Amino acid sequence: MSWIREGELSFIEKLTANILKAGPMPKHVAFIMDGNRRYARKCHVERQEGHTQGFDKLAETLRWCLNLDIREVTVYAFSIENFKRSKEEVEGLMELARQKFKKLLEEQGNLEKHGVCIRVLGDLTLLPLDLQQLIAQAVVGTRTHNKCFLNVCFAYTSRHEITNAVKEMAWGVEQGLIKSSDVSESLLSKCLYSSGSPDPDLLIRTSGELRLSDFLLWQTSYSCLVFQSVLWPEYSFWNLCEAILQYQLNYWPLQKARDQHHEEQARQQLEADCSCVAELLQQHGSARPAEACNRQDLLLSYAVDRDQRIQGFLSALQHKKDSFFTDLTSQAVLA
Amino acid sequence: MALLYELAWRALHAILHLQRALVSWFRARLCSWNWRLWKRAVAALLVPVALGFQSRKKLGPPAARRGCRRPRWGADGRALEKLPVHVGLLITEEEPRCADIANLVVWCMAVGISYVSVYDNQGIFRRNNSRLMDEILKQQQELLGADSGKYSIEFLNDSTQTQENHSNWQVCKPAVLSSDDGKHSIVTAARQLCRAVEQRERASKDIDVHMLDSMLRGRNWLKFINVLVYHMKLHVFVFIPLAFLILVDLNLF
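If you're matching them up, the sequences are chains A and B in order. Just so we're aligned, residue -10 is where the first sequence starts under our numbering, counting upward by one. Just so we're aligned, residue 2 is where the second sequence starts under our numbering, counting upward by one.
Hints in this document: simulated from the structure, not taken from any laboratory. Because the structure is a prediction, the values reported are computed rather than measured. Note that beta-carbon positions come from the ideal geometry of N, C-alpha and C, so glycine has one too.
Covered stretches of chain B (chain A as the covering partner; in silico rule of three or more C-beta atoms under 8 Å from a C-beta of chain A):
#1 2 to 8
#2 190 to 204
Below, a list of computed lysine to any residue pairs in the SDA-like style, where the Cα atoms sit at most 25 Å apart:
#3 206(B) - 300(A)
#4 91(A) - 41(A)
#5 206(B) - 169(A)
#6 16(A) - 249(A)
#7 168(A) - 203(B)
#8 168(A) - 273(A)
#9 206(B) - 118(A)
#10 206(B) - 316(A)
#11 206(B) - 164(A)
When you get a sec, could you build the whole thing from the sequences and use the hints?
Rendered as structure tokens:
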């Protein structure tokens, strides 16, 4: 089964989509695709079949999202916690992933046609090497596409992602690229696995579970969370429309909360810059307090330097991430 | 055509907003009609339903025979096999009522929940901490009556309170949080780690999930729930009327 199902919406679906698109639409939707195993039990099939049906539903959902002009989708495919499941199930999921990524590599033309960029977020070093290489080939092969984005969280938990971001910032400090005083909420966000994407506007979890299970905890502070009781393999276009309606009903309060938070962030950054400048002046032994206009100039100059340091660090970090995938791809070619 | 779609969209949203307004109005009417009865019914129904536990132990004969007039929620709490240790209340209303939140805290205490954190994005309760604390103490007397003496409250925001030995009492520890307690705490911990690396006290490769976890948990329970972001991985969301959102921490069952 292909990653992207070709096809158009029915007349009623198109009509509904056009009505919904008259209001604010989420640009980035995240899915916790829960319920594959329960679906398998319900239909009296093997668990593996449940997961396969779940993948097929993902392909169908991506098509609906494209039809609704939702250009970025993030899915929770495999949690680090899932490694604790039975060896048989884990191996089955790894094998399913191998098949799907191999299929994806065969569909490069289709992906180029639709301009789909695939990103895989997580601690990929926990995966078997052959799967890492397949993933790397898929990521590198679609890197330049920019019409729509599919982020697959694989070997992922939010805690690991946040910890990794802190580790990367510490690496930056170790390399002399940034200072510890440069650490901020905004910088941490740019060091996450998902730094290439805006925060999700809408997060949908299926199967009736009312929790986030360590998925995008940082990024969904101001997202609309929708919990739906339908099992993932049974997800329908109408379920998606219902979720989008919830997003639209809550759009303005969330927007207001987000704007307030950005203002607060800017204020905190200014405060941090002021205290850094004051500390620097003290260190340089300035006996007199700086004049107001001098202080303003110093602040501006400090902010420009800080931005330059951060840009340099982020470029080095991106280079490190790109090299990881490129090295894996080279290994795969040589093998 | 675009205009027609927009009109249809506006009509759809108008209907949905009207439905929400009618439901809120109806709920408010029921509340004012018989507030006490409503509170007890909500407490008796929502806590066990919301926690979703199917199995209940039947109350043994001695409790029934004593005929003690404990509140219904107390019996519900003891009947549950599993109870969360920590409940977080996320307030989504712009003008939350102190009395409503105090009620919820007291109900949690009566059911046997040890830690309750109250969060609102505006930081209203953080700034008016003492008002909420007074309201909780007042509701404790009002709702629990003669049994209120069996419950002790330790406000985790109140550093002036002395830690007494409450080993024989049901202790409840409410805390009030705001947006400063979320990502801000992780950023502070990250800065501390980076400073340690800067001063060559630590290497970046030593940083892992357990290290960050232990820094964020800190020495007291307030810091544990301090980072709603980091610690929400297994929290169950429960949505109830009155514009509250409750988080139940599964980690601590």
